[in-house]
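My numbering puts the first residue of the sequence shown at 1, with every later residue one more than the last.
Hints are not guaranteed to be accurate.
Distance ranges between label pairs, derived from CB positions [as the list claims (entries may be wrong)]:
#1 M63 with V18: 29 to 39 Å
#2 E53 with G2: 31 to 41 Å
#3 L78 with A21: 16 to 26 Å
Since the hints were derived computationally from the structure, they do not count as laboratory data.
Ideal Cβ positions, reconstructed from N, Cα and C, are used throughout, including at glycine.
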Amino acid sequence: TGWVQTNGRGSLYSFAIVHRAPAPAFRDMVPFVVAMVELEGGAIMPTNLVEVEPDPAAVNIGMSVEVVFDDLTDTISLPKFKPVP
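Take these sequences, add in the hints, and give me the full structure.
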């Protein structure tokens, strides 16, 4: 595992659509998409695919994606990815 600088674009390498909350804290989030994204530099990272509601079934391997950041606090942001139109 290591740090790789990237432009934030890539393609969907693999995914799963979660329909049953794995814990009570996720109950209001289902369905959601857990994904592996292959970045343009070749690295593959685990993430969530967002902005695919209300139809996560439209997700497909190889689709182009770009990074968006989910700011959890003033100092912590999670990289997530959304489809590129």
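Checklist entry - Between L78 and A21, does the beta-carbon spacing fit 16 to 26 Å? => result 18 Å Cβ-Cβ, so the 16 to 26 Å window holds.
Checklist entry - Between M63 and V18, does the C-beta distance stay in 29 to 39 Å? => result Because 18 Å falls outside the window, the suggested range is violated.
Checklist entry - E53 and G2, beta-carbon distance inside 31 to 41 Å? => result Holds, since E53 and G2 (Cβ atoms, about 33 Å apart) stay within the stated range.
This entry does not satisfy hint 1, going by the numbered hints stated previously; all others are met.
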